[in-house]
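Using the supplied hints, reconstruct the complex from the two chains, each of which is provided in its own coordinate frame.
Letter by letter, the chains look like this.
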Amino acid sequence: MTKAEASRGGPTVLPSNTDRTQEDALSEEVDLPLDRKREILAREALLDRDHWTVLGLKPGASAEAVKLAYFEASRVFHPDRYYGKSLGSYKARLERIFHRLSDAHEALIEAHRKSPQPSSGGPSRPGRSTTGSTPAVDARAEERRARLARHPYLARTARATALVEEAQRQMKTAPEKALHLLEQAKALGGNVARERAPGLETEAKQQLASRRADDEMRSGSAAAQMGDAAAAADAYTRAAGLDPTRADAAYEAARWLMRTGRPLAEARNHAQRAVSLRADHLPSHLVLAEICLRMGMGSVARRHLEAVLKLDPRNAEAKALLRQVR
Amino acid sequence: MAEHEPVIGIDLGTTNSVVAIVQGGQPHVIKNRTGQTLTPSVVAVTSVGKRLVGQLAKRQAITNPENTVYASKRLIGRKFSSDQIRRALQTLPYRIVCGEHDDVRVQMADKAVSLPEISAAVLRELKLDAEAFLGRAVSKAVVTVPAYFNDGQRQATKDAGRIAGLDVLRILNEPTAAALAYGFGKQVTGKIAVFDLGGGTLDVSVLEVAKGVFDVVATGGDTYLGGEDFDNRIIESLVMNFAKEHGVDLRKERMALQRLKDAAERAKIELSEVHETNVNLPFLYTPPGGTSAIHLQASLSRATLEELTKDLVERTVEIAEKVLGEAKVHPDELREIVLVGGMTRMPAVQAAVRKHFQREPSKGVHPEEVVALGAALQADALMQPSSQVLLLDVTPQSLGVAIAGGYNRVLIPKNTTVPTSTTETFHTSRDGQTTVKIMVLQGESELAHQNELLGEFILSGLRLAPRGEVEIDVTFEINSEGIVSVSARDKETGLEQSITVTASGGLTAEELKGILEQQADTMLEARISSEVEQKRNMVSTAAAEVSALIPRVRQLTGSSEFGREALRRAEEVIASARAAAEGDDLAALSDWVDQLERTRVLFVGVLERLGARPQ
Numbered sequence: 004m005t006k007a008e009a010s011r012g013g014p015t016v017l018p019s020n021t022d023r024t025q026e027d028a029l030s031e032e033v034d035l036p037l038d039r040k041r042e043i044l045a046r047e048a049l050l051d052r053d054h055w056t057v058l059g060l061k062p063g064a065s066a067e068a069v070k071l072a073y074f075e076a077s078r079v080f081h082p083d084r085y086y087g088k089s090l091g092s093y094k095a096r097l098e099r100i101f102h103r104l105s106d107a108h109e110a111l112i113e114a115h116r117k118s119p120q121p122s123s124g125g126p127s128r129p130g131r132s133t134t135g136s137t138p139a140v141d142a143r144a145e146e147r148r149a150r151l152a153r154h155p156y157l158a159r160t161a162r163a164t165a166l167v168e169e170a171q172r173q174m175k176t177a178p179e180k181a182l183h184l185l186e187q188a189k190a191l192g193g194n195v196a197r198e199r200a201p202g203l204e205t206e207a208k209q210q211l212a213s214r215r216a217d218d219e220m221r222s223g224s225a226a227a228q229m230g231d232a233a234a235a236a237d238a239y240t241r242a243a244g245l246d247p248t249r250a251d252a253a254y255e256a257a258r259w260l261m262r263t264g265r266p267l268a269e270a271r272n273h274a275q276r277a278v279s280l281r282a283d284h285l286p287s288h289l290v291l292a293e294i295c296l297r298m299g300m301g302s303v304a305r306r307h308l309e310a311v312l313k314l315d316p317r318n319a320e321a322k323a324l325l326r327q328v329r
Numbered sequence: 096m097a098e099h100e101p102v103i104g105i106d107l108g109t110t111n112s113v114v115a116i117v118q119g120g121q122p123h124v125i126k127n128r129t130g131q132t133l134t135p136s137v138v139a140v141t142s143v144g145k146r147l148v149g150q151l152a153k154r155q156a157i158t159n160p161e162n163t164v165y166a167s168k169r170l171i172g173r174k175f176s177s178d179q180i181r182r183a184l185q186t187l188p189y190r191i192v193c194g195e196h197d198d199v200r201v202q203m204a205d206k207a208v209s210l211p212e213i214s215a216a217v218l219r220e221l222k223l224d225a226e227a228f229l230g231r232a233v234s235k236a237v238v239t240v241p242a243y244f245n246d247g248q249r250q251a252t253k254d255a256g257r258i259a260g261l262d263v264l265r266i267l268n269e270p271t272a273a274a275l276a277y278g279f280g281k282q283v284t285g286k287i288a289v290f291d292l293g294g295g296t297l298d299v300s301v302l303e304v305a306k307g308v309f310d311v312v313a314t315g316g317d318t319y320l321g322g323e324d325f326d327n328r329i330i331e332s333l334v335m336n337f338a339k340e341h342g343v344d345l346r347k348e349r350m351a352l353q354r355l356k357d358a359a360e361r362a363k364i365e366l367s368e369v370h371e372t373n374v375n376l377p378f379l380y381t382p383p384g385g386t387s388a389i390h391l392q393a394s395l396s397r398a399t400l401e402e403l404t405k406d407l408v409e410r411t412v413e414i415a416e417k418v419l420g421e422a423k424v425h426p427d428e429l430r431e432i433v434l435v436g437g438m439t440r441m442p443a444v445q446a447a448v449r450k451h452f453q454r455e456p457s458k459g460v461h462p463e464e465v466v467a468l469g470a471a472l473q474a475d476a477l478m479q480p481s482s483q484v485l486l487l488d489v490t491p492q493s494l495g496v497a498i499a500g501g502y503n504r505v506l507i508p509k510n511t512t513v514p515t516s517t518t519e520t521f522h523t524s525r526d527g528q529t530t531v532k533i534m535v536l537q538g539e540s541e542l543a544h545q546n547e548l549l550g551e552f553i554l555s556g557l558r559l560a561p562r563g564e565v566e567i568d569v570t571f572e573i574n575s576e577g578i579v580s581v582s583a584r585d586k587e588t589g590l591e592q593s594i595t596v597t598a599s600g601g602l603t604a605e606e607l608k609g610i611l612e613q614q615a616d617t618m619l620e621a622r623i624s625s626e627v628e629q630k631r632n633m634v635s636t637a638a639a640e641v642s643a644l645i646p647r648v649r650q651l652t653g654s655s656e657f658g659r660e661a662l663r664r665a666e667e668v669i670a671s672a673r674a675a676a677e678g679d680d681l682a683a684l685s686d687w688v689d690q691l692e693r694t695r696v697l698f699v700g701v702l703e704r705l706g707a708r709p710q
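Residue numbers (this note's numbering), protein chains in the order written: chain A, 4 to 329; chain B, 96 to 710.
Hints listed in this document are in silico derivations from the structure and should not be mistaken for laboratory results.
Here are the simulated DSS-like cross-link-like pairs (lysine-lysine), alpha carbons at most 27 Å apart as the crow flies: (1) B:Lys281 to B:Lys423; (2) A:Lys94 to A:Lys40; (3) A:Lys117 to B:Lys509; (4) B:Lys509 to B:Lys532; (5) B:Lys532 to A:Lys189; (6) B:Lys286 to A:Lys61; (7) B:Lys235 to A:Lys94; (8) A:Lys88 to B:Lys235; (9) B:Lys405 to B:Lys450; (10) B:Lys450 to B:Lys286; (11) A:Lys175 to A:Lys208; (12) B:Lys423 to B:Lys458; (13) B:Lys306 to A:Lys117; (14) B:Lys423 to B:Lys450; (15) B:Lys145 to B:Lys126; (16) B:Lys417 to B:Lys458; (17) B:Lys126 to B:Lys458; (18) A:Lys40 to B:Lys306; (19) A:Lys61 to A:Lys40; (20) B:Lys286 to B:Lys417; (21) A:Lys61 to B:Lys423; (22) B:Lys423 to B:Lys306; (23) B:Lys126 to B:Lys235; (24) B:Lys347 to B:Lys206; (25) A:Lys94 to B:Lys306.
Same shape as in the complex, but just chain B (with noise of 0.2 Å):
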């Protein structure tokens, strides 16, 4: 009986994770074992091969940062090769490798264990406190991820669940629970706004709320902005001034880091409340040689933590402008703007938030709760039939497919209200063409190549035909769970083939790109050679006129240094131009083309001029 078995709400967060139930109708946050409501994301082997989980694990970091994974929700779902990845190579204190087909791993003692392992760990350490709580099983939860994840970050985290033995039976964007936990129970009617600024990622979000209808009118973010960045800055700073002071490069320093890295974060969470704080760090570094150790010792006001991260900041607002933007919302119509995330205690944030919008935020909900309580409440809401909530939410991010010339039409637009279809008809781009392959996209850019490659296949046998003349449907659909399904048809045969996108392609931008790339040059290279006869044909025609008017010119000015000068450059031009019509280099057979012109130009005017005198 699935209705009397529990469901939980799972916000798996870059920091902190929480897990919530909903219970008599209410939701509530479930304690951890330790008491505690935050469980931290962090996992770690020991020296002695433990795997320890949450607190524990966080506690002993400092000692053991080599084996101490935090923040790998920032690295779930994404390429080894990724530019993100690159950059967080640089701060982080374990060591990331490679995986097989590009995925990210991270070395742990002698494993290189998977981002879904690890984010495994910390599911099964919730679902744990929930069983420890309820006192019995616990196989369902609903998941939530930011709105801005992409479909492989999501089947990552879907794995996640799956290998810590639960049932993920939603993943739900994080500025929708949070929406969802901030109107429960309230009578809100109206739209309004979320501002999630979590420990890695910004969201934003905006919905149509009526009674317990929430409907998603819009979403966006960004999934490389959040507390760690500003821990960051704050790093880079206390870095920079020990290097400038003791000449030591802290950065190649794990432990050091790793304990410049909670320093950090207390800090810049103290400095929510005060205006200056201190940063002490004995013995943070022991030059070799043994010389004594060097203490780190610093001061940090708040005013140079909001100078550090002035622009993270502006770009947290901009953000949050260009989602009001996509859904069609003036600030003015908002109810509430609603702040989510341990970062919105940041008094600058707020203050953005306080200008940008010219309203008070409301801060009536747990900020480091309120997803997992929203969580919860959908779970509820789909198990039980009686249950008031209902959400109505979208695709973050545009579908689309691959079309010639390495570009990407877009079927289904982000910020559709799922469940959804459309359908739509594609010609054959080459003359005799029987196959067309349909590569599905997940993006919002024009090029191809820059989207995610969620999946492809072929459709064959096609009737021989001039280009253009075969016509295929391509169909997209993503049903209610949120899994995309595409399908494509010969119009004129019935002829159809159709896959369901279950997994990221595995494929890399590079590979991507060079696939595309592949496409392209049959494409290119058409387009490419009809250019060039154009070109060169232009080149011969000018050649031709320029010689015509060469005997008139030296009759006229071939007794002067000036025209024979001129004479025997036009003369060359000429030939050079003639053999660069043999090639096939249309930039400079462009350019061949322009010289003559001038040339052309130059006589024609001489001749004016000259022809003009006798009258």
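In isolation and in its complexed conformation, chain A is listed as follows (with noise of 0.2 Å):
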């Protein structure tokens, strides 16, 4: 059926932009009967269409169908049945033909092999296009990752990916272990690992400062207890710097620089910042308002004590600093 409805309706379905190669093509002077010649170029105008089409089978046909249409066609199109005659511009056609037929006989006998049970029902209008939604079509899809993923570069690339994920669950628990994933990812290359690395990667190294910033809370506080101010500033400023989103740290940092006998801009900077992170924390505005009382910043001194006040009327030391302000 597939060869009598492919010859009979072939040249009348051309689109007419090829109607002149088609022409030429009929009347080029190789070894086949004109019948042939028209078989292979009705064939060849169909080889965009869905794979059911290019088999010239409707749509669900049974796997039964789709092997005895392929075999039946490779009959006809398979170069080899020309072999050793002359046949020009035919011999790339066969090939082309032949080639897209074994591609959708694979595709449809892989596809029945997912989901044994021929598409029934449904809306399985053969379109133009291949991008049907029928089952077979998606189990085509399916199929194609599951080649691609066998593919020795997509093997990599799912290594990558599987580096990825763990370096993900890592993230929390060893930020260290988690970029070094990360970069084996990258070397192993792929979409995911060049996609994704890049952010986990920041993620890891906010982590892995957060948790050296604990380190250096701990060892400020060492110091601190020993009353060295100059390390404590030290190991504050460093957590400070490690973890910008740390307010304790900034509150620290900027505690202890003024206490150090240093320049007060820094601490300012520190002391700025901890009020900014945490509005409602009183020292972090007491401090602020201390060293801006130093550098001769009364107004924006007063500002926070007053601040301070507001949310705490009884403070003292608040009261007696802004005593010093007037």
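Here you go:
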């Protein structure tokens, strides 16, 4: 049925813009009868269509029918059937047709393998495009993905993806490990690694920094307890630098820097940040106020002290400082 | 008139070769001029310089071991430097020498003969047999090779045909040929597996057959697993026992080795029929100094043989399973398992196949003749438009290109039905890269250098651009003749270069690795230097962190022995790490980062403990 249909319907369904080349091809001097030439050109015109049409089948045909149609068509279009003949442009045409036939056959058989039930009912209208949503087509896509995953290059990509995912899991508990995994993933390449690794890397670095900041906070507090203002200030400053979102680090850095007798500008920056990170933290306001006071910025100091008193009207320290402003 | 010219099918085997033809629609084996269907694939040069082929050559092998070449199929198309050749060197009584392009040659009398020439001698013999049978000239043939032969081996076999005066219409895979012959004339429909264990190779193919169309689904095997390996196991065992008994190593005696080989093969064949056999080789070794000659007398049981070759048999079924897996065919789906090749007569092999596939293998075909019959059928199918037979064959090995980093990117996976073609877009791998080298690879390894290089070419004149910006389309095409052509096209400019792969590149694995390494060097360097940079930064950060901790630690623990020791070590680590940061030894840098980190953790811990106490 396929052959007959194709050769009957062939020439008339050809898009008009190919008529010219079709005409040329029909008059080409080769060892092929005119009928066969027509048959070849007609099938060639169908190659952009869906797998069923290429094989001359109705959508949803059984695996058995697909196989038979493929074998039947191969009998006509396999280049070996014309071995030793002068074929001219038809040699390439036959190879193209056969390649498409074997692709279609493989895809449809694979789809049947995945979901043995032929697509019954459903909106399986044979569109011009191959992107219908029959189960067979979905299965085909799945198979394509599976086949791609086996591809050596993509096997690496898959490994890279696995590494990225592992890195994500390790992120919270072991950011260093996560960073290491991401480095490996990037070395392997692939889209996932390319797209996700940089973001995760930043996250891991932040995690790592916040851990270091924890350490610095601890050594800062150790030094503070020893009364070593310089060491405490250094440690807290590093903590604040490692994790700029840490209000307590900024606060402590400001507090201890103020006591070292170093230029107050740095201390003020930290205090400013501590206040903006935690507006309701009174000690931060007080530190900032005190620093400003010492720097001769009375009005700024007053504003912060007033903010403190607004939150805690009976704050003695604020009152004392406010008196100094005046 | 091509239609009327006879076209023969030839099974060019490792141990024996067979020629066949289709007459009146039926394939027949052509008997050779000595009345045999099998012609030993043996070529010899006598002391008077006469060339002998086949039975005549085999018969005089014992007295002329150095100039008698057998099993040459295991050497054809291989590189002299390959492992397989190195292994073969140890067991072959004839001398193998290295040709100009790392090809293998055999020293026969005073001439180094190439492998295609040796195969050509066998092919010419078969051609003469066919001509004698047909009473007319024959100039066209279909020749079979193991499915797992690579392009180089196929080309060499084609060359052999040309030297013998035969136009090789098609190189056909042996298991496919076997399936053709098996399925011909029967109304077989369904999936069949062909298990072909011959003298030198194992081939397994899965085919789907319906109405005369033979669709190969998957094919695979091992070019170094066959009857010869079974023989060698017997030889080894005999040699070892002989050495134990007489203290003589027979492996150094070429003539003794040749006789052992003959005897081993005979014993192996006999043991397929009987359970016990004797090996009698009188006067096998004559010690220097005129003492009387030593004879070899040994008995060999089927059980011993099976023990000696157990692993070989297991490997055959493992490979068969793998191919079935690749074909995505469950053993239950198979209509038949066809046993082909002389080695499948061995009961242990049949038992292994039976056990693994849970069914009785078909033995309805003559295992030694079926391949030649299939070749004749394919020859006929190509020449006769009316033929019922159509073969849809596959590429036995994957084809790909070498990509940055020394990897192989497969474009046409193995078991793809031919003819086929595919196009993939690649990018430049370096900034300002104006040329790309396209290296065409055949094989399954992810690492480029572990594959066969089929050919290479350069596409130059690319636009100067950052890496990844220039796009290159690479197209692979395998036509129905099995010829591979590759082209590369600059998408922007339309600039194009292409090659048709016609002969193997003549490069050794080493050379190929060298070339790839040269390319990889720039790649790898780029990556290492950025990594080094990163590690150096990590070292200096970590060192600064530890240094910063030192004064506090000293203050707290400096008075104790432990503290002083720890501080001294920490300072040493910092100094060494900073020194290492000047260099670019990645491993050392990583090591110092680790050590610094450990020190830091230690100090932080100490400070924490001591700092926590006063409270």
